[in-house]
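Protein chains: 2
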Amino acid sequence: MTLLQVPITEFLDQLATKEPVPGGGSVAAVSGAMAAGLISMVCSLTLGKKKYAEVEDEIRALMDRSESLRRELQELAEADVEAFRRLSVAYKLPRETSADIAIRRDAIQAATRIATDVPLRTAQAAAAILPLCSPAAQKGNSAAVSDVGVAVLLAQAAVRSALLNVEINLNSLEDQFYVRETRAEVAKLTATLHDDTEAIMALVNQQLQA
Amino acid sequence: MTLLQVPITEFLDQLATKEPVPGGGSVAAVSGAMAAGLISMVCSLTLGKKKYAEVEDEIRALMDRSESLRRELQELAEADVEAFRRLSVAYKLPRETSADIAIRRDAIQAATRIATDVPLRTAQAAAAILPLCSPAAQKGNSAAVSDVGVAVLLAQAAVRSALLNVEINLNSLEDQFYVRETRAEVAKLTATLHDDTEAIMALVNQQLQA
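Those sequence lines, one after another, are chains X and R.
So the first sequence is numbered by full-length UniProt numbering: it starts at 1 and just counts up by one.
So the second sequence is numbered by full-length UniProt numbering: it starts at 1 and just counts up by one.
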């Protein structure tokens, strides 16, 4: 059974144990998937309603995007588990001969690279939810605007959470070109994250008071 | 089958539909439960390790607390669904005679009160995770410090998300004493939330660089 096929209670029980999987990386991806799912819900609650007939096409395009990000984030939650397993196996490779040591070292580097790429892609996918939130708050079913707020908050938490998992792995990577490129991408993803989140929250709160 | 007994993929699929349940309230509670579960994981990874023998009792107490908050948040995720169902039924009560109208009005007020209490308790439980995070980051297994970071970020998002759901219901409540009391509690829960979160994140980042 894959990670997301287990009941939520069981996932939460497994999370609490000392088994390192599932861990923060999968949780970040699941949070992002919930954020995307909430945007899809807001779109679903808008489509087919006479009051929102004018924005039908735009909302449909938003929903295509949120559903595609949700699928991607669900896959990344599973990929995080697989990346962790590969890393564990690599660390357990024999290190008796010099050939063993060289093979083990390469395997660890390759596995760490994957364990960095997965949360980086998680952060990118979660960050891509934010641009969907303003139009969802402004043009989607106004009865569901609080759900857009929840989506924004969870997407932000997912980006920052995933980047913590990027950070821990970057320290063990030897490919300095990749490390530099990744740090630049991390900086890009976080540069306006706080301000973007609060701008959308202001929009949501404004609608809630209306 | 209750909300948390369904597989995660199915929960996410249901979220994306126009069915209003599950919605932002349950998502807030699940996020809080994941945050609590991550603190429990960090404690589990600390207990029984020689290196951390000195803090064993403190970590065990932390874990009792995080597991109790996790259980509470899981119950609140289910309670949110039930509160929504009650509200839906109340709105559908007949309104033909003046007796009908009075009964329906009272039923809606009572159901809205529950639909406000559940996310308020969710916000309180999620906020109670934050004080567990500093000791977990400072004294828990240092290999899992990024998981403490994810817990903090998700707990913060859960508090703010739950409070959005309090906010939408407060507007329809007639009991002005309850409304004032609740707004005071909301203000208390949010007053230092941002600063507390960033203080713990600074601690986590400091440990990640070490």
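In case anyone wonders, no lab produced these hints; they're calculated from the structure.
Keep in mind that a hint or two might mislead.
Any copy will do: because identical chains look the same in the list, a pair fits if it lies in one copy or spans two.
[Stated by the list, open to error] Once the Cα atoms are required to be at most 25 Å apart in a straight line, the calculated BS3-like pairs of lysine-lysine come out as:
{"hint": "1", "residue 1": "K188", "residue 2": "K51"}
{"hint": "2", "residue 1": "K139", "residue 2": "K51"}
{"hint": "3", "residue 1": "K51", "residue 2": "K92"}
{"hint": "4", "residue 1": "K188", "residue 2": "K18"}
{"hint": "5", "residue 1": "K50", "residue 2": "K18"}
{"hint": "6", "residue 1": "K50", "residue 2": "K188"}
{"hint": "7", "residue 1": "K188", "residue 2": "K92"}
{"hint": "8", "residue 1": "K188", "residue 2": "K139"}
{"hint": "9", "residue 1": "K188", "residue 2": "K49"}
{"hint": "10", "residue 1": "K92", "residue 2": "K49"}
{"hint": "11", "residue 1": "K92", "residue 2": "K139"}
{"hint": "12", "residue 1": "K18", "residue 2": "K49"}
> Hints broken by the structure, by number, lowest first?
Replying inline: Per hint list: 1, 4, 6, 7, 8, 9, 11 violated.
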